[in-house]
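Visitor: Knowing the structure of chain A, use the given hints to seat chain B on it.
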Amino acid sequence: MRGTQEFRNLLNERRPGHSLPRPFYTDPDIYALDVEAVFNACWLMIGFSAELPKPGSYLAMTIARTPIIVLRDRGGAIRGFFNSCRHRGAQICPDGSGRAAKLVCPYHQWTYDLEGRLQHAGQMPENFRADDHSLRPIHVEVVAGVIYICLGETPPDFAPFRRALEPMVKPYNFENAKLAHQYVLVEKANWKLVMENGRECYHCAANHPELGITFPVGITEKFGAEETVRAQNYCMRMAKHGLEVGPDDGSWWQIARFPLNEGMITMSPDGQPIVKKPMLDVDGGDVGSLRFAIEPHNFCHALGDFTFMFSIFPVGVEETHLIAKWLVHKDAVEGVDYDVPSLIKTWDMTNRQDRDLSENNQRGVNGLGYVPGPYSPTAEGFVLRFVNWYCEHMRAFAGVPSANIAEVA
Amino acid sequence: MTESMRTDMCTDIGLEAPVADVEDGAPADSSEAGIGVRILPQGVEIFVRPGETILEAGLRSGVALASSCREGMCGTCRMRKISGEVEMREQSALFDDEIEAGDILACCSRPLTPVIVECA
Numbered sequence: 001m002r003g004t005q006e007f008r009n010l011l012n013e014r015r016p017g018h019s020l021p022r023p024f025y026t027d028p029d030i031y032a033l034d035v036e037a038v039f040n041a042c043w044l045m046i047g048f049s050a051e052l053p054k055p056g057s058y059l060a061m062t063i064a065r066t067p068i069i070v071l072r073d074r075g076g077a078i079r080g081f082f083n084s085c086r087h088r089g090a091q092i093c094p095d096g097s098g099r100a101a102k103l104v105c106p107y108h109q110w111t112y113d114l115e116g117r118l119q120h121a122g123q124m125p126e127n128f129r130a131d132d133h134s135l136r137p138i139h140v141e142v143v144a145g146v147i148y149i150c151l152g153e154t155p156p157d158f159a160p161f162r163r164a165l166e167p168m169v170k171p172y173n174f175e176n177a178k179l180a181h182q183y184v185l186v187e188k189a190n191w192k193l194v195m196e197n198g199r200e201c202y203h204c205a206a207n208h209p210e211l212g213i214t215f216p217v218g219i220t221e222k223f224g225a226e227e228t229v230r231a232q233n234y235c236m237r238m239a240k241h242g243l244e245v246g247p248d249d250g251s252w253w254q255i256a257r258f259p260l261n262e263g264m265i266t267m268s269p270d271g272q273p274i275v276k277k278p279m280l281d282v283d284g285g286d287v288g289s290l291r292f293a294i295e296p297h298n299f300c301h302a303l304g305d306f307t308f309m310f311s312i313f314p315v316g317v318e319e320t321h322l323i324a325k326w327l328v329h330k331d332a333v334e335g336v337d338y339d340v341p342s343l344i345k346t347w348d349m350t351n352r353q354d355r356d357l358s359e360n361n362q363r364g365v366n367g368l369g370y371v372p373g374p375y376s377p378t379a380e381g382f383v384l385r386f387v388n389w390y391c392e393h394m395r396a397f398a399g400v401p402s403a404n405i406a407e408v409a
Numbered sequence: 410m411t412e413s414m415r416t417d418m419c420t421d422i423g424l425e426a427p428v429a430d431v432e433d434g435a436p437a438d439s440s441e442a443g444i445g446v447r448i449l450p451q452g453v454e455i456f457v458r459p460g461e462t463i464l465e466a467g468l469r470s471g472v473a474l475a476s477s478c479r480e481g482m483c484g485t486c487r488m489r490k491i492s493g494e495v496e497m498r499e500q501s502a503l504f505d506d507e508i509e510a511g512d513i514l515a516c517c518s519r520p521l522t523p524v525i526v527e528c529a
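Heads up: the protein sequence lines correspond to chains A and B, in order. Just so we're aligned, residue 1 is where the first sequence starts under this note's numbering, counting upward by one. Just so we're aligned, residue 410 is where the second sequence starts under this note's numbering, counting upward by one.
The shape of chain A in the complex, shown without the other chains (with noise of 0.2 Å):
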């Protein structure tokens, strides 16, 4: 598929400022491509340096069908490997998070340290070179305790990102934060409508009622005269505080401070603080959200007193895992400072009424009915960024030249 007409047809088919055509969405062959071509080959952010406390500490998991772990090693390195063994190829460790001294593959019991090296293998012959047969690492970078991973072998640059996360998320101490809830949601819809979906507020005002208490849902550019002073006043108190707002931006990621509605300080249901000892301690965690998104499939929000991750992995054409988890400071206790079900409510209600958005936008898109329609450029600016870098980044996969599209930011 990836070198065929067919195929540069369908890019080139694509209409600026629209969706796309609707094999992007169903295809199989397509889905394959974007394993291959995005999945396999972009950064991706899996969790927290928190979620790996000790040596041995891991998270395993698989991006579209390949099994990986992230660990911490023994000298306190967070270290990524394919999850297959170098033997015939078993999945070493099960998918989820836990903690082993040795990786050992549950087939013949071949056994790697925490380095990735193969330290037993019984029954081989003397000229086995055990050296030769190391776990192959991942690519992973983590800034100021978020872990970014990429499968492929020539990762794209990560450096400028790195200098415009850090003194960004920095002041949330997220290496000493620690997991409070997190959960799987399965949706069954292309893995890019559950993007196009979480890139863009047009839906907000009416499909998330809860959210848009807090957050600003407001689906038309209205800076009137009060939105503008509130906005000065916002970005005048954060710098007080050291805090950059940006924005700043890359052709894959994007990151901004913004505040809140008025007077909300949270993303909880009334949004007032929702645990007791807040990450960034400044002005009673009343600080907006800070987002940071990267394609081809994560934001987070992090907020005065909590952080939400949101990354979906593809597992198959029509079908999504969403992975949310919830950060907060590593001395709050549940039941005390916080508790999870009020903790996770806000994101948990909006995580499901999308899921729903999105296969209800997948029914229709296998339709008949379906022609590609027009994104509004103001409401839907950060789905247009998304399907603008998948169509570039796609064309450069598939040999086709850059459509030069306009609205790219």
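Heads up, a few of these hints could be off.
[Stated by the list, open to error] Rough simulated footprint, nothing fancy, chain B against chain A, three-plus residues with beta-carbon under 8 Å:
| no. | region |
| --- | --- |
| 1 | 99-112 |
| 2 | 127-134 |
[What the hints assert, rightly or not] Which stretches of chain B does chain A cover? Using the computed rule of at least three CB atoms under 8 Å from a CB of chain A, they are:
| no. | region |
| --- | --- |
| 3 | 478-484 |
| 4 | 501-515 |
For the record, the hints were derived by calculation from the structure and aren't laboratory data. Quick reminder that beta carbons are idealized off the backbone N, C-alpha and C, glycines included.
Guide: For chain B alone, kept in the frame of chain A given last:
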């Protein structure tokens, strides 16, 4: 069949001592047959002879115990010690805090006193 396979199988199925079913609450004991080791959750008691490891004695006694490298590397034979003392010759499959919590490797452990262990 290779020589090593035959050796392994002989070890695995060479039932020299019948396994005693005992009550979980009863203490492990010793006798002329060796130092007593009670294995949970099966609730069986075996006797470890001088020079034997818990794994070797267990296999000799017909207890279904998983193992692989038998040199303390892979951790397949890991057990949790509930009571008693063992000497562990090699322990690189375990973290220090796991050893403090009572984890042992049956392939590298010899009982110094009667012991109660629980399979992982």
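Visitor: So which hints don't hold here, by number, going up?
Guide: Number 2 only.
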